[in-house]
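Peer 1: Below are the chains, spelled out letter by letter.
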Amino acid sequence: MRSKPENQFFEAVRLLLGAVVRSLLPCLMIVGLLLTGSAQSVTAASIEERLQALEQLLQQERQKNEAQAKTIEQLQDKLDSMAMPATQPAVVAGQGAAAPAKPVVESGNDKVSVQLYGQLNRGVLVVDDGDSTKSYQVDNDNSSTRIGLLGSVVPDEGWGIGTKFEVDFESNSSSEVNQDDQNGVGDNHFKERWAEIFVQSPYGKLSLGQGDTASNNTSEVDLSGTTVAGYSDLNAVAGGMFFYDDDTKDLSGTKPKDVFSNFDGLSRDDRIRYDTPEWNGLSLATSAISGGGGDVALRYSYKNDQFKLAAATAYSNPGSTSSTIDDTLNGSVSLLHSSGLNLTLAGGVRDLKVSGRDDPTFFYTKLGYRTSVCKLGDTAFSIDYGNNDDVSVDGDEAESFGAQLVQYIDKWATEFYLSFRNYDLDRSGTDYEDVNALLSGLRVKF
Amino acid sequence: MTCLARMTVKLLLIVAALFIFGCGGGSQSFEYHAADDPPPGPGLFSGSDGTFTIYRSEGEVEAVEVECLSQ
Numbered sequence: 001m002r003s004k005p006e007n008q009f010f011e012a013v014r015l016l017l018g019a020v021v022r023s024l025l026p027c028l029m030i031v032g033l034l035l036t037g038s039a040q041s042v043t044a045a046s047i048e049e050r051l052q053a054l055e056q057l058l059q060q061e062r063q064k065n066e067a068q069a070k071t072i073e074q075l076q077d078k079l080d081s082m083a084m085p086a087t088q089p090a091v092v093a094g095q096g097a098a099a100p101a102k103p104v105v106e107s108g109n110d111k112v113s114v115q116l117y118g119q120l121n122r123g124v125l126v127v128d129d130g131d132s133t134k135s136y137q138v139d140n141d142n143s144s145t146r147i148g149l150l151g152s153v154v155p156d157e158g159w160g161i162g163t164k165f166e167v168d169f170e171s172n173s174s175s176e177v178n179q180d181d182q183n184g185v186g187d188n189h190f191k192e193r194w195a196e197i198f199v200q201s202p203y204g205k206l207s208l209g210q211g212d213t214a215s216n217n218t219s220e221v222d223l224s225g226t227t228v229a230g231y232s233d234l235n236a237v238a239g240g241m242f243f244y245d246d247d248t249k250d251l252s253g254t255k256p257k258d259v260f261s262n263f264d265g266l267s268r269d270d271r272i273r274y275d276t277p278e279w280n281g282l283s284l285a286t287s288a289i290s291g292g293g294g295d296v297a298l299r300y301s302y303k304n305d306q307f308k309l310a311a312a313t314a315y316s317n318p319g320s321t322s323s324t325i326d327d328t329l330n331g332s333v334s335l336l337h338s339s340g341l342n343l344t345l346a347g348g349v350r351d352l353k354v355s356g357r358d359d360p361t362f363f364y365t366k367l368g369y370r371t372s373v374c375k376l377g378d379t380a381f382s383i384d385y386g387n388n389d390d391v392s393v394d395g396d397e398a399e400s401f402g403a404q405l406v407q408y409i410d411k412w413a414t415e416f417y418l419s420f421r422n423y424d425l426d427r428s429g430t431d432y433e434d435v436n437a438l439l440s441g442l443r444v445k446f
Numbered sequence: 001m002t003c004l005a006r007m008t009v010k011l012l013l014i015v016a017a018l019f020i021f022g023c024g025g026g027s028q029s030f031e032y033h034a035a036d037d038p039p040p041g042p043g044l045f046s047g048s049d050g051t052f053t054i055y056r057s058e059g060e061v062e063a064v065e066v067e068c069l070s071q
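Chains as they are written, first to last, in my numbering: chain A, 1 to 446; chain B, 1 to 71.
Be aware that a few hints might be false.
[To be verified] Restraint ranges, calculated between C-beta atoms of paired labels, are given here:
| hint | chain 1 | residue 1 | chain 2 | residue 2 | range |
| --- | --- | --- | --- | --- | --- |
| 1 | A | Ile197 | B | Gly41 | 25 to 31 Å |
| 2 | B | Asp37 | A | Phe307 | 42 to 48 Å |
| 3 | A | Gln68 | B | His33 | 49 to 55 Å |
| 4 | A | Val393 | B | Asp37 | 18 to 24 Å |
| 5 | B | His33 | A | Gln137 | 44 to 50 Å |
| 6 | B | Gly41 | A | Val199 | 27 to 33 Å |
[Claimed, not checked] Which chain B residues face chain A? A few, computed with CB under 7 Å, are given here:
| hint | residue |
| --- | --- |
| 7 | Ser29 |
| 8 | Pro40 |
| 9 | Ser48 |
| 10 | Thr51 |
| 11 | Phe52 |
| 12 | Tyr55 |
Read the hints as simulated data drawn from the structure, not as lab findings. Small disclaimer: the values here were computed from a predicted structure and weren't measured. Ideal placement from N, C-alpha and C gives every residue a C-beta, glycine not left out.
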């Protein structure tokens with residue numbers, strides 16, 4: 001059915017008006033909003049400021065929370081480490097080479113120090129006994145290959161306790177090899193040097209166990225810088241060799257170590273030792289060894305801008321621990337000038353238990369010069385002379401002279417050394433040839 | 001008494017005189033290292049310390065860390 005024409009007209013007008021209203025309505029709303037917005041602009045700005053302030057507060061709170069979380073985490077780590085048993089070593093894994101030097105082993109005591117130290121000292125020894133010349137691979141007995149562990153507690157009001165454990169391992173010791181025994185000399189095991197506990201106090205130091213007696217090293221004070229190549233212990237270079245007897249055309253049964261000695265007190269032993277506090281560089285020590293012997297020693301050191309001086313002297317009595325030695329008086333002094341020139345003197349006299357024997361004597365002197373001739377490090381030169389009388393047999397005259405060169409290689413913590421030593425023995429009824437020894441090698445402190 | 005023994009006694013007298021001289025004041029002592037001991041100073045592997053520190057007190061550890069970081 002078709003609509004009437006007037007109805008169609010009204011329908012078209014209605015549609016047209018509807019379209020106009022729909023198109024104008026958003027414009028009217030925008031105008032309305034603009035009219036009302038100008039009235040409320042102040043209020044919106046204040047709200048925006050408040051919102052910004054609230055956002056800042058929230059940000060600060062977040063930062064505080066993060067800092068607190070970190071603190072809690074750190075505290076938790078500390079609690080965990082405190083709960084760890086003291087004897088359990090901390091495992092360090094994945095540490096790069098650039099990581100700080102944190103201790104690998106941790107202790108429950110935060111006032112202790114434990115240090116490992118040591119050195120290797122190997123050389124080649126060539127010896128001419130007047131009949132033949134032989135070479136040996138040796139451990140230099142002037143300062144043997146060794147390793148040690150030093151522990152101490154940080155002193156509290158001057159009181160502290162510590163331990164020292166040190167052993168050496170000399171394979172083919174330079175003082176033991178000889179013409180008949182060129183290889184495999186020694187028992188291939190560690191030998192005791194130190195195993196002591198000490199207590200340090202304002203009243204001095206008390207040491208208990210294996211270690212230096214008070215008189216040890218009192219004949220060996222030496223500031224030359226060449227001790228790794230030679231010092232008053234003349235037997236260290238090649239003391240185990242046999243003298244060649246030109247009368248019998250054979251090796252004798254006598255070695256340099258039988259006729260040379262620097263009378264260096266009671267060496268190292270199981271002892272109890274007391275050292276007084278140092279006073280103006282002066283200190284006194286005494287020790288009692290297992291078996292009844294004892295000793296007393298004075299030590300002194302001094303330095304100023306021009307020179308350094310070190311000295312020591314001792315009286316020792318081995319008691320029942322020796323069947324031949326009654327007592328010994330010995331000492332040494334060494335002076336080093338700022339120019340590098342240095343002079344060392346040592347001497348001693350010994351009283352024997354055997355009646356009718358002459359008292360053995362010992363004398364030693366060294367003249368040295370320490371300078372810097374290359375970039376590697378200091379260079380030290382020295383010549384020395386030693387003399388022993390009546391050590392083994394009355395009438396024995398044993399003489400030794402030597403020359404030493406030590407080149408310090410600072411970058412490698414190493415010393416290169418060259419040492420020559422001559423041993424001469426005059427004994428009635430014999431015609432011993434001199435023993436001449438050349439020792440060269442490296443000492444590396446690790 | 002032999003010549004060398006007399007020299008020894010003279011040596012000891014010199015040492016005694018030095019002691020007295022040292023006790024007069026104005027002296028400065030130093031730590032002497034025994035002739036057969038490892039030399040003082042750095043080690044090839046242990047560095048400037050000359051020893052491997054297995055453990056030391058916390059204050060010293062912090063000092064070492066500072067030293068390492070500054071290298």
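Peer 1: All hints, please: hold or fail.
Peer 2: Hint by hint, here is what the structure shows:
no.: 1; hint: Ile197(A) - Gly41(B): 25 to 31 Å; in the structure: holds, 27 Å
no.: 2; hint: Asp37(B) - Phe307(A): 42 to 48 Å; in the structure: violated, 22 Å
no.: 3; hint: Gln68(A) - His33(B): 49 to 55 Å; in the structure: holds, 54 Å
no.: 4; hint: Val393(A) - Asp37(B): 18 to 24 Å; in the structure: violated, 34 Å
no.: 5; hint: His33(B) - Gln137(A): 44 to 50 Å; in the structure: violated, 27 Å
no.: 6; hint: Gly41(B) - Val199(A): 27 to 33 Å; in the structure: holds, 28 Å
no.: 7; hint: Ser29; in the structure: holds, 3 Å
no.: 8; hint: Pro40; in the structure: violated, 9 Å
no.: 9; hint: Ser48; in the structure: violated, 10 Å
no.: 10; hint: Thr51; in the structure: holds, 4 Å
no.: 11; hint: Phe52; in the structure: holds, 4 Å
no.: 12; hint: Tyr55; in the structure: holds, 5 Å
Of the numbered hints listed earlier, those contradicted by the structure are 2, 4, 5, 8 and 9.
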